[in-house]
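Asks: Here is how the chains run, residue by residue.
Number of protein chains: 2
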Amino acid sequence: MALIVQKYGGTSVGNPERIKNVAQRVAKYYSQGHRVVVVVSAMSGETNRLIALAKEIQSNPNPRELDVMVSTGEQVTVALLAMALMEHNIKAKSYTGGQVRILTDSAHTKARILRIDEEKIRADLHSGYVVVVAGFQGVDGANNITTLGRGGSDTTGVALAAALKADECQIYTDVDGIYTTDPRIVPEARKLKTITFEEMLEMASLGSKVLQIRSVEFAGKYRVKLRVLSSFKEEGEGTLITFEEDNNMEQAVISGIAFNRDEAKITVLGVPDHPGIAYQILGPIADVNIDVDIIIQNVGHDGMTDFSFTVNRNDLANAMAILKNSILPHIGARDVIGGDKIAKVSIVGVGMRSHAGIASKMFRVLAEEGINIQMISTSEIKISVVVDENYMELAVRVLHKAFDLDQVVQ
Amino acid sequence: MALIVQKYGGTSVGNPERIKNVAQRVAKYYSQGHRVVVVVSAMSGETNRLIALAKEIQSNPNPRELDVMVSTGEQVTVALLAMALMEHNIKAKSYTGGQVRILTDSAHTKARILRIDEEKIRADLHSGYVVVVAGFQGVDGANNITTLGRGGSDTTGVALAAALKADECQIYTDVDGIYTTDPRIVPEARKLKTITFEEMLEMASLGSKVLQIRSVEFAGKYRVKLRVLSSFKEEGEGTLITFEEDNNMEQAVISGIAFNRDEAKITVLGVPDHPGIAYQILGPIADVNIDVDIIIQNVGHDGMTDFSFTVNRNDLANAMAILKNSILPHIGARDVIGGDKIAKVSIVGVGMRSHAGIASKMFRVLAEEGINIQMISTSEIKISVVVDENYMELAVRVLHKAFDLDQVVQ
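Each protein sequence line maps, in turn, to chains A and B. When you line the first sequence up against our numbering, it's residues 1 to 410, in that order. When you line the second sequence up against our numbering, it's residues 1 to 410, in that order.
Please keep in mind that the hints were generated in silico from the structure rather than gathered at the bench. Just to be clear, a hint being listed does not mean it is correct.
[As the list claims (entries may be wrong)] Here are the simulated EDC-like cross-link-like pairs (lysine to aspartate or glutamate), alpha carbons at most 16 Å apart as the crow flies:
hint	chain 1	residue 1	chain 2	residue 2
1	A	Lys165	A	Glu119
2	A	Lys20	B	Glu87
3	B	Lys193	B	Glu237
4	B	Lys55	A	Glu87
5	B	Lys191	B	Asp335
6	A	Lys225	A	Glu168
7	B	Lys20	A	Glu56
8	A	Lys225	A	Glu237
9	A	Lys233	A	Asp174
10	A	Lys55	B	Asp167
11	B	Lys28	B	Glu46
12	B	Lys361	B	Asp404
13	A	Lys55	B	Glu56
14	B	Lys225	B	Asp167
15	A	Lys165	A	Glu237
16	B	Lys91	B	Asp124
17	A	Lys193	A	Glu237
18	B	Lys55	A	Glu17
[Unchecked claim] Partial list, derived from the structure: chain B residues whose beta carbon lies under 8 Å from chain A:
hint	residue
19	Pro16
20	Ile19
21	Leu50
22	Ile51
23	Glu56
24	Ile57
25	Pro61
26	Asn62
27	Pro63
28	Met69
29	Gln75
30	Val76
31	Ala79
32	Met83
For every residue, glycine included, the Cβ atom is placed at its ideal position computed from N, Cα and C.
Based on the provided sequences and hints, a complete structural model is requested.
Replies: The following block contains the structure:
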């Protein structure tokens with residue numbers, strides 16, 4: 001008899017019928033003798049509805065007040081799910097983040113969890129209750145309502161599992177597990193039975209939007225056994241996210257291929273090649289909270305070099321303006337060019353560490369298809385390339401095949 | 001410079017535009033140097049929407065969970081109003097009932113306020129904030145969310161005014177004050193500048209739905225100066241609810257005429273006329289939480305009497321069934337008859353105490369119009385009659401004229 005934390009996202013609780021389905025699934029676990037804590041998101045669309053309402057009052061809504069509003073989304077869902085569980089003759093009780101109490105810092109709309117008081121939940125579980133907790137929210141030290149930012153319900157689930165020392169944290173989503181790549185692009189994409197935390201982190205940050213990255217970090221840090229499952233399929237074991245050392249099976253060299261086309265490329269041409277230039281370029285960009293992903297500076301010649309980096313497409317115009325108006329005149333670079341017709345494709349796998357030649361194989365496969373590589377970035381378990389966005393899908397397909405991801409190896 | 005508590009109902013905050021209007025009105029008071037606490041209800045329609053959603057899950061929603069859901073309505077409004085105030089460059093801060101903390105008993109969906117911790121609000125006011133508090137809600141001793149029941153936002157306003165020792169509690173509604181009777185029925189109905197608490201209580205309980213009765217009781221108990229105003233008209237002083245001893249003006253004999261057609265009449269015929277019979281009849285009715293209003297038992301003859309009372313129309317079928325199945329067989333009464341084609345019309349006024357002949361004048365006026373009186377009930381400052389519902393409007397009109405309510409006397 002295990003203690004399980006289950007998390008259901010907005011789509012899974014999108015209407016009363018779906019909430020009843022979730023209750024049925026929880027009831028099944030409960031009737032098997034497990035103790036169950038359920039974390040739920042707002043009904044899909046609700047958070048956006050609330051934000052739109054706030055924007056009718058303030059174009060840039062006050063973060064504290066926005067959190068007060070937005071947190072009502074989950075508050076409604078926890079009550080509905082508790083009611084639905086009662087209809088199965090299960091004792092159930094809802095908690096808001098503040099009631100639990102999930103203590104966070106005061107960074108409204110993107111708060112981080114500091115501590116969870118789990119005693120009340122533990123007592124309720126002991127008394128036979130299924131406990132339903134509002135995801136995505138908490139309170140700060142002054143009892144202000146905070147939210148964890150988009151996808152934060154995953155983090156709530158994992159943090160609760162850690163605090164309760166749960167046997168497993170199950171994340172129910174609209175996909176039934178983690179795939180080698182997006183099946184919409186590669187029909188042969190295969191569901192992985194297991195994936196390591198490190199690979200999952202690389203996959204998540206690279207655009208496989210199954211799990212919120214912070215929740216994966218959290219799970220890794222607190223050694224929470226994490227499983228991704230479908231809330232719409234009755235059967236299936238989903239994908240278990242493991243610690244590398246747990247994994248005794250034959251490991252594939254590459255576990256998956258991630259991609260995204262959310263980025264834009266900026267190149268500063270003719271940059272004087274002296275120490276501190278990277279900071280001079282990226283400091284002002286960071287100051288306005290523009291995230292930079294890939295950064296490339298090559299060896300210079302004649303005292304000059306080119307400096308390239310990628311930002312989110314939405315930030316391209318802003319970053320270009322800052323570079324042209326504030327940075328270029330100071331550093332004496334020749335010009336800056338930007339473009340958003342790019343895509344990033346990455347191969348990810350812990351097996352890469354012990355296998356040489358993965359990068360060269362990747363480059364050869366792309367070259368054989370005539371796909372030009374614009375930028376390259378590598379980490380221990382990942383190789384990313386930036387290509388023309390028109391070639392993204394082709395690149396994913398040929399790499400998927402070349403690395404035998406359509407073959408069952410696990 | 002005064003400390004004012006303002007309460008705005010659901011219609012006054014029914015959409016973003018109206019919320020902006022409320023902010024403008026609050027800003028006006030604030031700019032005059034007043035300290036302002038605002039209590040708001042949920043946007044009109046929202047509470048019903050949430051209850052309907054709950055009923056899609058549970059036909060009879062669990063009260064604890066229903067309160068968790070329904071309380072989100074005001075939580076959204078307080079945040080929106082705080083944002084709207086910020087747009088006027090006013091420092092504003094929202095509070096849920098739990099954040100304040102408004103401590104209530106644990107009677108979910110109809111909780112009563114036990115205590116208000118007003119220190120945080122006082123500190124915020126001192127720092128120049130306008131404080132926006134969610135009406136209608138609180139928490140019990142175990143931090144469960146509770147609601148005060150329909151109209152409870154008025155009670156929140158009055159209770160806050162009492163706790164903060166505010167100079168005035170202003171209740172903004174969609175009417176601009178208390179009228180001698182409903183202007184839709186009597187176009188000559190006049191707005192009262194003042195009305196006593198006792199009269200207001202009789203008016204409210206008799207169906208003038210401007211203020212929630214519990215809030216008026218509360219205001220009377222804690223000597224809170226209460227004013228009813230329109231949230232849609234810019235000007236006007238509304239109606240001030242006074243304590244009788246404050247009122248030095250020439251007092252009209254009758255202040256107003258209330259009426260409702262929400263009731264139904266039940267008569268138990270041929271009841272053995274012995275002690276305890278009223279309890280035997282009404283006890284089982286009270287046991288199922290059916291409220292009884294007028295109760296009439298006349299002197300019996302031949303050891304038998306008839307016993308009549310009124311209940312809410314919605315409870316008629318239920319009350320009749322209980323009487324027929326459980327009560328009649330035990331008490332040996334002859335029969336029970338019920339009907340809902342009735343209306344209650346009441347004249348209310350503290351002046352009645354010192355003026356004889358008010359009742360006989362009322363009965364004469366109705367007789368002259370051929371209106372048959374089915375039941376009569378009197379209190380110190382009110383006389384109510386039950387008549388055929390077809391004659392209700394006529395009765396109100398002729399009484400309004402007969403008691404000179406269309407003449408300005410204040």
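Asks: Need the status of pair A/Lys55, B/Asp167: alpha-carbon distance at most 16 Å?
Replies: Violated, at about 34 Å.
Asks: Would the hint linking A/Lys233 and A/Asp174 be met if the CA-CA limit is 16 Å?
Replies: Since the Cα atoms of A/Lys233 and A/Asp174 sit roughly 9 Å apart, the hinted pair holds (cutoff 16 Å).
Asks: Is A/Lys165 close enough to A/Glu119, meaning Cα to Cα at most 16 Å?
Replies: It holds: about 12 Å lies between the C-alpha atoms, which stays within 16 Å.
Asks: Does B/Met83 meet its interface restraint, that is, does its C-beta lie within less than 8 Å of any C-beta in chain A?
Replies: Cβ of B/Met83 sits 4 Å from chain A, so the hint holds.
Asks: Tell me if B/Pro63 is really an interface residue toward chain A, meaning its C-beta lies closer than 8 Å to one of theirs.
Replies: With a minimum Cβ separation of about 11 Å from chain A (threshold 8 Å), the hint on B/Pro63 is violated.
Asks: For a C-alpha distance cap of 16 Å, please report whether A/Lys55 and B/Glu56 respect it.
Replies: Not OK: A/Lys55 and B/Glu56 at ~30 Å, beyond 16 Å, violated.
Asks: Compare the distance between the alpha carbons of B/Lys55 and A/Glu17 with 16 Å, and conclude whether the hinted pair is satisfied.
Replies: holds (12 Å)
Asks: For the hint on B/Met69, does the least C-beta distance to chain A fall short of 8 Å?
Replies: holds (4 Å)
Asks: Does A/Glu168 lie within 16 Å of A/Lys225 when you go C-alpha to C-alpha?
Replies: Within the cut-off at roughly 5 Å; holds.
Asks: Next pair to validate is B/Lys91 with B/Asp124; report whether the Cα-Cα distance is within 16 Å.
Replies: holds (9 Å)
Asks: For the pair we were handed, B/Lys193 and B/Glu237, check the Cα-Cα distance against 16 Å.
Replies: holds (8 Å)
Asks: Given B/Asn62 was flagged as interface, is its beta-carbon under 8 Å from a beta-carbon of chain A?
Replies: With a closest approach of 5 Å, the B/Asn62 hint holds.
Hint compliance for this structure: hints 2, 5, 10, 11, 13, 15, 22, 27 are not met, and every other hint is.
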